[in-house]
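Asker: Chains as they are written, first to last, in the UniProt record's numbering: chain C, 1 to 337; chain B, 1 to 325.
Hints listed in this document are in silico derivations from the structure and should not be mistaken for laboratory results.
A quick note: this is a predicted structure, and the numbers were derived from the prediction, not measured.
Positions of the beta carbon are idealized from the N, C-alpha and C atoms, including for glycine.
Incorrect hints may appear among the rest.
Claimed, not checked - Covered by chain C, according to a simulated footprint, are these stretches of chain B (three or more residues, beta-carbon under 8 Å):
1) 84 to 95
2) 106 to 120
Unchecked claim - Among chain C residues calculated to face chain B with C-beta under 8 Å, some are:
3) Arg20
4) Leu245
5) Pro257
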Amino acid sequence: MSAPSAAPAAPDRGRGSPRRIAVYLAGRLLGAAASMAAVTVTAFFLFRVLPGDPVRTMTQGRAVTEAQLDELRRQYGLDKPLGEQFLDYCSGLLRLDLGVSYQYRAPVTELIAERLWPTVLLAGTGTLLAAVLGLWLGTRAAWRRGRVVDQVNTGLALTLWSVPTFWLGLLLIVVFAGTGGFPTGGMATPGVRGPAAALDVAHHMVLPVATMVAVVYAQYLMIMRSSLLTEMGSDYLVTARAKGLRDALVLRRHAVPNALLPTVTLVFLNLGQVVAGAILVETVFSWPGLGQLFYQGLRLPDLPLVQGLFVFFSAGVILMNLLADLVYPLLDPRVRV
Amino acid sequence: MNHLETRGLTVAYRAGGREVPAVRGVDLAIPPGGTLGLAGESGCGKSTVALAVLRLLPATARVGGSVLLAGEDVLTMAWGRLRAVRWAGASIVFQGAMHSLNAVRRVGDQIAEPVLLHESAETPASAARRAADLLERVGLPPRTAAAYPHELSGGQRQRVMIAMALACGPRLVIADEPTTALDVMVQAQILRLLKDLVARNGIAMMMISHDLSVLADACDRLAVMYAGRIVEEGPARQVFADARHPYAAALGAAFPVVGDPASRYAPRGLAGDPPDPAGSGTGCSFRPRCAVAEDRCAYVDPALWRAGPDRSAACVRVLPSEEVL
Numbered sequence: 001m002s003a004p005s006a007a008p009a010a011p012d013r014g015r016g017s018p019r020r021i022a023v024y025l026a027g028r029l030l031g032a033a034a035s036m037a038a039v040t041v042t043a044f045f046l047f048r049v050l051p052g053d054p055v056r057t058m059t060q061g062r063a064v065t066e067a068q069l070d071e072l073r074r075q076y077g078l079d080k081p082l083g084e085q086f087l088d089y090c091s092g093l094l095r096l097d098l099g100v101s102y103q104y105r106a107p108v109t110e111l112i113a114e115r116l117w118p119t120v121l122l123a124g125t126g127t128l129l130a131a132v133l134g135l136w137l138g139t140r141a142a143w144r145r146g147r148v149v150d151q152v153n154t155g156l157a158l159t160l161w162s163v164p165t166f167w168l169g170l171l172l173i174v175v176f177a178g179t180g181g182f183p184t185g186g187m188a189t190p191g192v193r194g195p196a197a198a199l200d201v202a203h204h205m206v207l208p209v210a211t212m213v214a215v216v217y218a219q220y221l222m223i224m225r226s227s228l229l230t231e232m233g234s235d236y237l238v239t240a241r242a243k244g245l246r247d248a249l250v251l252r253r254h255a256v257p258n259a260l261l262p263t264v265t266l267v268f269l270n271l272g273q274v275v276a277g278a279i280l281v282e283t284v285f286s287w288p289g290l291g292q293l294f295y296q297g298l299r300l301p302d303l304p305l306v307q308g309l310f311v312f313f314s315a316g317v318i319l320m321n322l323l324a325d326l327v328y329p330l331l332d333p334r335v336r337v
Numbered sequence: 001m002n003h004l005e006t007r008g009l010t011v012a013y014r015a016g017g018r019e020v021p022a023v024r025g026v027d028l029a030i031p032p033g034g035t036l037g038l039a040g041e042s043g044c045g046k047s048t049v050a051l052a053v054l055r056l057l058p059a060t061a062r063v064g065g066s067v068l069l070a071g072e073d074v075l076t077m078a079w080g081r082l083r084a085v086r087w088a089g090a091s092i093v094f095q096g097a098m099h100s101l102n103a104v105r106r107v108g109d110q111i112a113e114p115v116l117l118h119e120s121a122e123t124p125a126s127a128a129r130r131a132a133d134l135l136e137r138v139g140l141p142p143r144t145a146a147a148y149p150h151e152l153s154g155g156q157r158q159r160v161m162i163a164m165a166l167a168c169g170p171r172l173v174i175a176d177e178p179t180t181a182l183d184v185m186v187q188a189q190i191l192r193l194l195k196d197l198v199a200r201n202g203i204a205m206m207m208i209s210h211d212l213s214v215l216a217d218a219c220d221r222l223a224v225m226y227a228g229r230i231v232e233e234g235p236a237r238q239v240f241a242d243a244r245h246p247y248a249a250a251l252g253a254a255f256p257v258v259g260d261p262a263s264r265y266a267p268r269g270l271a272g273d274p275p276d277p278a279g280s281g282t283g284c285s286f287r288p289r290c291a292v293a294e295d296r297c298a299y300v301d302p303a304l305w306r307a308g309p310d311r312s313a314a315c316v317r318v319l320p321s322e323e324v325l
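Pulled out of the complex, with its shape left as it was, chain C reads as follows (with noise of 0.2 Å):
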């Protein structure tokens, strides 16, 4: 008989190296920069075909000459053949360049940088307290399956992910336009300096992160409880239940942690997503956000911006991919390279 003392795989090949570490790497970025390459593409043309003359409709209800357009269509370059405009386009962007925006007479960077910040702020804020919450809840859920607790839970978590965010939105308006309480729109009280206006900013955006959080917890809960139920019936619970811990503990240190593993593509996912930030929830609150930039220039429609806003948005969902693709192994010892 062979000795029993057979080792495991050395940690310092194979698995872990450097090398192997490097590809894995390597791998990723090229995926997110083909990605970008898509997006940048698609952008441009998916605009394009849009029907309408963006000229015509700035110049919408003045008295034009012709003339005047064919001026106003060189000051844009869309008097240039269509392969000529991409690459400029694309020079651009490289150039971190994104156009000028018709409405706003403005480089479509600097619009964005303004509104990034409000965006983040509210976008960022929910998607995290949705997660949280409704990681929490989703766990009491699945520890109390069938209770009264779970049953509560989950009913009002599906009703609120059923409810349309800008009637939810629009209620809580009508709520508190009457009795006060907390602003119905804006970021800011005009005026108001120094420290308190960080309070301020908080008190706004209650009842927008309200909205947010009210529509989207209910998937962070209903993944999570699954999640768990399926880990509850695992034979190494019963080991730890077996070693003399708390349920407490086994539920904490030995459950959770394994049930967690799924929710974090979905978290990442959607902090992706926050940058494009709650276009309904923007809207509906007057939160000078990128949402409520993109449904301005989509009415126009603004192409520089609305292509520009496109391809912000498609980054930060690339970039957040990329980000879950990278920590995920930190998390999961089974994905390890």
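Once you have looked at the hints, place chain B on chain C.
Answerer: The following block gives chain B in isolation, referenced to the frame of chain C:
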């Protein structure tokens, strides 16, 4: 005092509004340092007995009788006392260590976990040293502690499981099919390891398996279960070689003797399936599958009866004829 003693242990699972008995009155006793093999086919209730010893059954199970661990009844213990007894008083080597270990935690941490839990004097560093020592005792290099379960082979994982079971120096180890998922060579290694460790440390052991030859090799005494009851009990060699109960005999014969052409050309199995635990009938529960059933088996449900010095069997054929009826 016996390390483990069950008296009239019954377990019934609630399923669809009715109770299905899984264990129907089991009496077992393991003296200090003793080893008992519990044999039976799938569904006979042997794993349920193992889980009942540490009260690990799901909430749908109703347990009756008593389980005495070093004289203390596990079934009536307070929760705090029960948690203290778990692993420190009796530990379990589960079958299929792939799923019985947490996949996302290092095995060293999993071995150290009960040490830190039960021994307040231990620090994380000393518990880690203890884990490394334990790994060496089961024939694994100490650096295995840094590995995750999926990085180990089946045999290595089972060694980790054994190291974990020994972590708190229990006086009883329950090995629930410890070698089922392993290939034959590794099976033999693991069995020898378990046998050595148990003998060297004077630990009492209950080993559960469907393989009578494995149990006969590793244990002093053997108990054979059928349909939730013990049908034969006695010294391991005698039960294996010369079973009195027809079921125990069939179970022993189900594994061919290696190198024996006779058993190779005439494999003996057992036709039929174990009875539906929910069904109730009169007479001996083994009668429908029994090759030597008699008329009286239809109405006599025999209890364990003395079947020789130091052994017993639940079959009418070992009863003195005047005792029937």
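Asker: Each of the hints needs a verdict: does it hold here or not?
Answerer: Okay, the hints, checked on the actual structure:
| no. | hint | verdict |
| --- | --- | --- |
| 1 | 84 to 95 | holds (count 8) |
| 2 | 106 to 120 | holds (count 4) |
| 3 | Arg20 | 15 Å, violated |
| 4 | Leu245 | 7 Å, holds |
| 5 | Pro257 | 6 Å, holds |
Checked against the numbered hints above, the structure breaks only hint 3 and satisfies the rest.
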